[in-house]
Structures are given as structure tokens and as C-alpha cells.
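Novice: Below, each chain spelled out in residue letters.
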Amino acid sequence: MVSVHSNQSSTVVPESVKILVAGGFGVGKTTLVASVSEIPPLSTEELLTEASTGVDDLAGIEGKTTTTVALDFGRITISPRLVLYLFGTPGQDRFWFMWDELARGAIGAIVLIDTRRLDTSFAAIDFFERREVPFIVAVNNFDGSHHYEPDEIRSALAIKEGVPIVNADARQRDSSKLALIKLIEHAMTKIPEGAPA
Amino acid sequence: MADNDAEWFDEAAGPLVRPYAMTGGRTRPGASWLDVATQVVTVPSTVERVGIGPEQHAILEMCHRALSVAEIAHYVNVPLVVVKVLISDLIDRGDVVVRPPAQALRAPGRELLQAVLDGVRAL
Numbered sequence: 001m002v003s004v005h006s007n008q009s010s011t012v013v014p015e016s017v018k019i020l021v022a023g024g025f026g027v028g029k030t031t032l033v034a035s036v037s038e039i040p041p042l043s044t045e046e047l048l049t050e051a052s053t054g055v056d057d058l059a060g061i062e063g064k065t066t067t068t069v070a071l072d073f074g075r076i077t078i079s080p081r082l083v084l085y086l087f088g089t090p091g092q093d094r095f096w097f098m099w100d101e102l103a104r105g106a107i108g109a110i111v112l113i114d115t116r117r118l119d120t121s122f123a124a125i126d127f128f129e130r131r132e133v134p135f136i137v138a139v140n141n142f143d144g145s146h147h148y149e150p151d152e153i154r155s156a157l158a159i160k161e162g163v164p165i166v167n168a169d170a171r172q173r174d175s176s177k178l179a180l181i182k183l184i185e186h187a188m189t190k191i192p193e194g195a196p197a
Numbered sequence: 001m002a003d004n005d006a007e008w009f010d011e012a013a014g015p016l017v018r019p020y021a022m023t024g025g026r027t028r029p030g031a032s033w034l035d036v037a038t039q040v041v042t043v044p045s046t047v048e049r050v051g052i053g054p055e056q057h058a059i060l061e062m063c064h065r066a067l068s069v070a071e072i073a074h075y076v077n078v079p080l081v082v083v084k085v086l087i088s089d090l091i092d093r094g095d096v097v098v099r100p101p102a103q104a105l106r107a108p109g110r111e112l113l114q115a116v117l118d119g120v121r122a123l
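Chains as they are written, first to last, in the working numbering: chain A, 1 to 197; chain B, 1 to 123.
By construction, these hints were calculated from the structure, which means they are not laboratory data.
Among these hints, one or two may not hold up.
If you want the footprint, here are the derived chain B segments under chain A, 3+ residues with CB under 8 Å [to be verified]: (1) 49-55; (2) 62-74; (3) 85-99; (4) 107-117.
Covered stretches of chain A (in silico footprint by chain B; criterion: 3 or more residues with CB under 8 Å from a CB of chain B, positions within the stretch not fixed) [what the hints assert, rightly or not]: (5) 37-47; (6) 111-118; (7) 160-172.
Derived contacts from chain B toward chain A, CB cut-off under 7 Å, selection only [stated by the list, open to error]: (8) 22; (9) 30; (10) 39; (11) 41; (12) 80; (13) 81; (14) 120; (15) 123.
Glycine is no exception: its CB is placed at the ideal position from the N, C-alpha and C atoms.
All chains should be modelled from the sequences, with the hints used to inform the complete structure.
Specialist: Shown next, in the form of C-alpha cells:
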């Protein structure tokens with residue numbers, strides 16, 4: 001918490017942190033967010049412009065490609081001083097990978113996987129690996145899907161040793177909670193020794 | 001055919017033109033570091049605030065309790081890029097406060113992660 005002293009008064013601004021929930025379309029991202037969020041998931045949208053640097057106004061924007069990407073998110077108030085946001089990355093839209101802001105400063109990501117469509121989560125794994133954002137893989141167990149051992153998933157998706165793989169049921173609050181805990185614990189192992197608290 | 005074209009143009013352009021009219025055509029906020037999760041809090045004022053639009057009045061109304069940029073965008077029903085411009089102006093005016101960018105942008109440290117972990121475990 002920080003107190004900002006202005007001319008008018010002293011106002012307290014809570015600290016916020018974010019966790020991303022990623023994976024292919026229909027893999028259960030919003031379901032997971034809803035299972036632990038204190039509010040029904042909200043949605044907002046971002047306009048991403050392909051030539052996004054140096055755009056100060058809309059003059060001359062005709063030549064640029066703009067795409068709208070929708071984002072679902074939930075909120076967990078940890079204390080009056082600290083709020084956790086869960087952002088479900090848009091699954092349907094390939095352009096979310098342009099959205100570096102989402103990953104910036106995030107604790108990390110839970111990449112949800114549907115074993116019937118493993119390929120839909122490749123892109124998310126690649127995204128977080130490249131940006132060195134801590135992530136875990138959560139296998140969302142859909143009814144009627146074949147059960148795979150974590151080793152089989154790791155091998156099929158070429159997930160590096162050291163990246164935790166957990167089973168999850170995105171509909172179950174306790175299961176989603178455990179995935180969050182696993183991610184935060186994993187992120188803590190990624191902090192360099194001697195880094196400031 | 002011409003009628004169809006006109007209709008298509010209106011429907012496609014309507015939702016875009018309106019938000020950018022709110023921001024005077026700008027798409028880049030002064031406070032470009034504003035994050036989707038940045039908390040925004042209204043600075044209480046006994047003086048009537050003039051020179052701001054209805055969307056900014058709405059933001060000041062809802063942020064007596066801290067809200068993130070993403071929540072504000074949802075409630076005001078405008079894209080994030082637009083709400084950031086609106087909030088950025090309010091910061092410049094001293095109507096709202098946010099955490100300074102140096103704190104907002106750094107990766108969470110051990111102490112903060114431990115607090116989040118404890119909080120999630122207690123859910």
C-alpha cells in the first residue's frame with residue numbers, strides 16, 4: 001500500500017497483481033476464472049493496431065490494421081491493500097499474442113489444456129516460454145476424455161522439465177485454487193536469490 | 001446497393017467514432033504505463049469538478065472504492081485504450097491517484113508473492 005499525498009488529501013491506493021489464464025478456445029479459461037472470482041467474470045476489449053508505435057492520433061490510421069480483442073477477467077480481493085486479478089487470454093483470437101502488456105508484471109500464467117485438442121494450447125506455451133513468464137500447465141479433465149499421465153502430456157507438448165503439470169477441473173473452486181497455489185509457488189522459485197522483496 | 005453501403009458504414013463506424021470523440025481523437029494516454037490491473041482511486045473533493053465529460057464523472061463516482069483500469073473499462077463500456085486516456089487526464093488534473101509506475105510495473109517480489117499465496121490459500 002502506498003499513501004499518495006496530494007494537495008487535497010491523503011489517499012490510499014491498493015496494490016494489484018495479475019495472473020493470466022491461457023489456452024485454446026473452449027478449454028475452460030473463463031470457467032476457471034469464474035470458479036474462484038468474487039465477482040462474475042467481467043469483460044472488456046482492447047483495440048490492437050498492427051503499427052502501434054508512435055500513434056498519437058487517428059490521423060492517417062486508414063492504412064493500419066486494427067483488431068478488437070475481448071478479455072474476460074475476475075477479481076479476488078486478498079486484503080484492503082492487495083487485489084489479485086485473473087485475466088483469461090482471448091482464446092479465439094490469434095492477435096492476443098501482440099498484447100505484451102498482459103504479461104508485463106504478471107505473477108505468471110496457468111495454461112489450460114484439453115487433452116482432446118492439445119494443439120490449441122501450443123501457442124500459449126510458446127508465448128510464455130519466450131517471454132520467460134513463469135507458467136504451469138493445468139490439464140482440464142473433461143468428461144469422456146482419455147486420461148493421460150503428466151509425462152505423456154509433457155512429452156506430447158515438449159514442455160520443459162521444471163514446468164509443473166497438474167490435473168484440474170476448472171469448474172471446481174478447490175481445484176482452481178490448487179492450480180493458482182501451484183503457480184504462485186512456482187513463480188516464487190523463479191525469483192533470483194538476493195532480489196529485493 | 002448504395003443504401004446498403006451507407007448502413008454498413010454507420011454500423012461499423014458508430015461504436016468507434018463515439019469513444020474517440022470522448023478522448024479528442026487521442027489513442028495514446030499521457031500515462032502510457034497504465035496497466036489493466038492498475039488501481040484507480042478518486043481524490044475526494046468538496047469543489048465541483050468542471051471541464052470533464054460524463055464518462056469521467058462516472059469514473060470519479062465509481063472509484064471512491066479502488067477499481068482497476070480493466071474494471072472501469074467494463075463499467076464505462078469503452079475499450080481499454082480509450083479508458084486509459086480518460087484516466088490519464090484525471091491523473092493530470094489531480095482528480096484520481098494511482099500507484100507510481102515504478103511500483104506498478106515491476107515484477108512482484110517475494111514478499112508480495114507470499115502475501116498473494118497466503119491470501120489464495122485462505123480462500
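Novice: Please go over all the hints and tell whether each is borne out by the structure.
Specialist: For each hint, the structure was consulted:
no.: 1; hint: 49-55; result: violated (count 0)
no.: 2; hint: 62-74; result: holds (count 6)
no.: 3; hint: 85-99; result: holds (count 4)
no.: 4; hint: 107-117; result: holds (count 11)
no.: 5; hint: 37-47; result: holds (count 6)
no.: 6; hint: 111-118; result: violated (count 0)
no.: 7; hint: 160-172; result: violated (count 0)
no.: 8; hint: 22; result: violated, 13 Å
no.: 9; hint: 30; result: violated, 11 Å
no.: 10; hint: 39; result: holds, 5 Å
no.: 11; hint: 41; result: holds, 5 Å
no.: 12; hint: 80; result: holds, 5 Å
no.: 13; hint: 81; result: holds, 5 Å
no.: 14; hint: 120; result: holds, 5 Å
no.: 15; hint: 123; result: holds, 6 Å
In summary, the numbered hints that this structure violates are 1, 6, 7, 8, 9.
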